[in-house]
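**Q** So you can see what is in the structure, the chains are spelled out below.
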Amino acid sequence: MTAKPIEADRIWRGIALLAAYGLPIFFILLPLCGFLVYSLFWVEGTELHYELTLVNYRRFFTDEIYVPVLRQTVVLCLEVAGLCIAFGYPVAYFLSGLKGRKKYTLLMLLLVPLLMSYIIKMYAIRSILGGNGFLNRSLIALGIIDQPLTFFVFNLNAVLLTLSVLLLPFAILPIFLSLERIPKNLLEASADLGGSNAQSFFRVILPLSLPGVISAATFVFVLAIGDFLTPQMVGGQSGFTFGRIIYSQFGTAFNWPFGSALSVILAAVVIVAILVGARFGGEKAGVHR
Amino acid sequence: MLKSVIRGALPMLAAATMLAMSSSAPAMAKELRVLAWQGYADDDWVKAFEKETGADVKVVFIGSDDEIWAKIKGSEGKDFDVMAVNTGQLQRYIDAKLVQPIDLSKIPDQKANQLPIFNDLTKVKGVMRDGQLYAVPFCFDSIGIIYNTDEVKTPPTSMDVLWDPQYKGKVLAYDNGEHNFSFTALTQGVQDPFHLTAEQMAAAKEKLLKLKPNVLSFYTTADEATQIYKNNDIALVWANYGQQQVKSLQDAGAHVAYVNPKEGALSWLDTWAVTVGAQDKDLAEQWINFLMSKQIGAQLTERTGFGSTTAPSSNAKPDDKLIYVETVEDPTKRADLWNEIKAAQ
Amino acid sequence: MAVLLELKGVGKAFGATRVLEHIDLAVEDGEFITILGPSGSGKTTILRMIGGFTQPDQGQILLDGRDIAHDPINRRPFNTVFQDYALFPHMTVAGNVGYGLKVRGTANAVIKQRVGEVLDLVQLGSLAARYPAQLSGGQRQRVALARAIICQPRLILLDEPLAALDVELRKQMQEFLKDIHREIKTTFLFVTHDQEEAIAMADRICVMNYGKILQLGSPTEVYYRPHSEFVARFFGDNNLIEGVAGDRGSVATPIGTLPCAADGTEPAAGAKAFAVIRPEAIRIGNEPGANTVVAGQVSSVNFGGAATVAVVDVAGVPLRVKLPSRAEGLPLKVGDRVQLAWRTEDCRLVAA
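Protein chains in written order, with the UniProt record's numbering: chain E, 1 to 289; chain U, 1 to 345; chain B, 1 to 352.
None of these hints come from the bench; they were simulated from the model.
The structure displayed is predicted, hence computed values, not measured ones.
Quick reminder that beta carbons are idealized off the backbone N, C-alpha and C, glycines included.
Check the hints yourself; a few may be wrong.
Label-pair distances were calculated between CB atoms; the ranges are [as the list claims (entries may be wrong)]:
no.: 1; chain 1: U; residue 1: Asp150; chain 2: E; residue 2: His49; range: 52 to 60 Å
no.: 2; chain 1: E; residue 1: Val112; chain 2: U; residue 2: Ala96; range: 30 to 38 Å
no.: 3; chain 1: E; residue 1: Leu149; chain 2: U; residue 2: Ala96; range: 53 to 61 Å
no.: 4; chain 1: B; residue 1: Asp237; chain 2: E; residue 2: Ile11; range: 15 to 23 Å
no.: 5; chain 1: E; residue 1: Ile120; chain 2: B; residue 2: Ser136; range: 54 to 62 Å
no.: 6; chain 1: U; residue 1: Leu209; chain 2: E; residue 2: Val37; range: 55 to 63 Å
no.: 7; chain 1: E; residue 1: Ile120; chain 2: U; residue 2: Ala344; range: 30 to 38 Å
no.: 8; chain 1: U; residue 1: Gln188; chain 2: E; residue 2: Ala267; range: 37 to 45 Å
no.: 9; chain 1: U; residue 1: Thr154; chain 2: E; residue 2: Val37; range: 40 to 48 Å
no.: 10; chain 1: U; residue 1: Asp150; chain 2: E; residue 2: Val37; range: 53 to 61 Å
Sample of chain U residues at the chain E side, in silico, Cβ under 8 Å [as the list claims (entries may be wrong)]:
no.: 11; residue: Trp45
no.: 12; residue: Thr221
no.: 13; residue: Asn232
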């Protein structure tokens, strides 16, 4: 039968379609919907009531701790994004200026931390930043300070620093890729027209790498806001974030509906961040109509 | 459920196989099915017990309180004869009639060997109900204060030391609302720290808020606390993991000592209880009696670091006041309040 | 004309590959000079060295008597039209064109006025607010040109700027570039691999291959008086008849000893050589004024629009003859015996 190969083709295409749409639906959309549904139930003592209510959302907006903590967390994550850009951009710029094998070897080395266990990295960071940690001991040994600084550890600064260090690779990569995509002859054109290195950077490279900067910022922000381990491990008594609250609702309070409601709210923040990033990034990329 | 069915089926299958293999099979040996935590039924003890009684002991180890509940509730107590359970958890097994009263006269070593604070079981909270004994204490650990002997010259006596302004930023506390409210209520003279009234709860919250400036960090695991201790200047640790934590710190080279506070130390107390489905209640009681030996008590402490109820240990001094943790009035409420405390600036 | 820029003994190697061998070249002020060669001939390297994008290993690039070979790009009073235009995608047409003035700190009002003038010159006045992505290839080409001329450079470097355009547009742009050149009177150095383009546009053509300059001269010179086999073959469909050079510019070939025009560049007597005759210089029949006449048989006649090319077999050597086409057809058919005639000055002699 001549129709057979076409039939098989159609089946394969169907499977591919199923994978392309099915996986995100199964692993992202359905769980999210699950959260959404769960967030409409409510808990009394240890009893879960399967009745639809908005009480969890009302509680989020009326209780005095949730909105401020969310606001503080958003600000913190914006700062993390800012720091990651500030440190990641020069690194990415330096990398993209390298030639041949050296460039990719170094890039690989920078990405190696991504393969390491999160907890181990955090332990390492904590022993660097701690009161008797490497940083303080070095500063004391150098005679710069005589008492250990408590500025770096077990407070929001520590969360900021740790998240920035952990998420730096996620900032470097998109910036590096956007820098790589800038045709080298645009730099030649800029210099040819009399532009100094600084002028070429600020007028040509920087604006053209902005889409990468924005996707880096979006990446870092989204990853940072979802993180609940870092504030626990280095935040001390003041480094409390929204992720911690959600975690406690599932982990210790067993108030899954409220935890789900908070998760849905966090997901909304993340989606807004991604949309803003996409819109900004698209505009800056010089894609017009 | 499925697991317990399979577990129930396996011995039968094994027995059937043995029968088929040997026509001259002896009468069915006595069998004891034990549900226990690691370290509560070590091989050498099991072998000795089997030799002494001729019984066949089958031990299943569990990893969490919820797992015990699932296994016992799932089979309505029929899959196991004897189980290890803490006094807080025990209550729901009594409520659900999954455990049966124990005849203490079958366990003479309890009276003979148990330490003074456990000897009179009518004074051990949680093991008796309506005049009936439901469980025999086996081992315990307390949540005391670990203090840095280089910094804290006079041994502290009360958890109040955690609030001492001279230890600002040098306290490691545990990240758990339930326990934190309980121990704070104890420092405020509350009799039942597990069932706080609204006023008691509010007072404890106020006091916990004042603890924050002294706290460097809230930890969750013993390992984590040790790691923070090594890299920072710590004077006091609220020791959720008791002796285990002391040992971990000492291994790391820290100069630390341990005390239970005078207002009472929150403690857990693990006991042995007999299920309603026990095939051979006598054998189950024999097992409990067997574990009441001083030698096993000493071995237990040596091997696990937990306090034995028969052999003295550093987990508690003879006159220490231990307060066995119970299910609290409203865990969700405590978790929410704890979040508010942590979120407070 | 005065010399604007002079390359003296310039050489360059990339690793083991020598891309330029001892180049001497003087660019005259105000001329339209084309560097013509196949890919890999070194023509682009010369342009990039003048622009400052590459440094020579040896030699000097003299501007006003000063060696600028190692000056930074942005200090050279030259501007470049890049092969793929290299327009800044995030700037409008006006932004692109005004860039050179902007980085010099020119006042915005002046920039605006100059951009307007230059855009008018390249006939893009109405597109100032568009982005490069919204322009056609020809329009982008003009923006690139406007951007290069706005700073009034001493020299404009054009790196195969028409290569990406289709044939029709390329013809238009050739005219356009010549017009602009006449208008602004700036020196143009134009690099191309297309000999028709070079002939159509240049005042002088510098033919290159293998990193060397093979011939430098006006389009008619390099077209009609090639000095080498390569140049003779590079410009279209020349007839090359192999033989041995004799005295006074003659060459002994299978179709007889042919007299050739001599200009002192011929190979010595006895050397292997080619007689080079352009197909359009050959006439059918013994015409008056012709110095050389041979006989042969027509083997093919191919109509090609304005011209018809006939191939005539002369003693086993095929010679192409290009004749003006006529509507009623040429009185030639395959198999006809014909005489071919040409003048001595139309026959050149080059070394084989």
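**Q** Each hint should be assessed against the structure and marked as holding or not.
**A** Outcome of the hint check:
1. A C-beta distance of roughly 53 Å is found between Asp150 (chain U) and His49 (chain E), which places it inside the suggested range of 52 to 60 Å.
2. The hint said 30 to 38 Å for the Cβ distance between Val112 (chain E) and Ala96 (chain U), and at roughly 53 Å that hint is violated.
3. For Leu149 (chain E) paired with Ala96 (chain U), a C-beta distance near 55 Å keeps the hint of 53 to 61 Å intact.
4. Against the hinted window of 15 to 23 Å, the Cβ-Cβ separation of Asp237 (chain B) and Ile11 (chain E) comes to about 58 Å, which falls outside the hint.
5. Judged by the Cβ atoms, the range 54 to 62 Å given for Ile120 (chain E) and Ser136 (chain B) holds: they are separated by roughly 57 Å.
6. A C-beta distance of roughly 36 Å is found between Leu209 (chain U) and Val37 (chain E), which places it outside the suggested range of 55 to 63 Å.
7. For the pair Ile120 (chain E) and Ala344 (chain U), the beta carbons lie near 32 Å from each other, so the given range of 30 to 38 Å is met.
8. Checked against the hint of 37 to 45 Å, the pair Gln188 (chain U) and Ala267 (chain E) passes, with Cβ atoms roughly 41 Å apart.
9. In this structure, Thr154 (chain U) and Val37 (chain E) break the distance hint of 40 to 48 Å, their C-beta atoms being roughly 57 Å apart.
10. Roughly 55 Å separates the CB atoms of Asp150 (chain U) and Val37 (chain E), a value that falls within the hinted 53 to 61 Å.
11. Proximity of Trp45 (chain U) to chain E is violated relative to the hint, the smallest CB-CB distance being about 35 Å (cut-off 8 Å).
12. A hinted interface residue such as Thr221 (chain U) counts as satisfied when its beta carbon comes closer than 8 Å to some beta carbon of chain E; here the least separation is about 10 Å, so the hint is violated.
13. A distance limit of 8 Å between C-beta atoms decides the matter here; for Asn232 (chain U) the minimum to chain E is near 4 Å, and the interface restraint holds.
Against the hints set out earlier in the document, violations occur for numbers 2, 4, 6, 9, 11 and 12.
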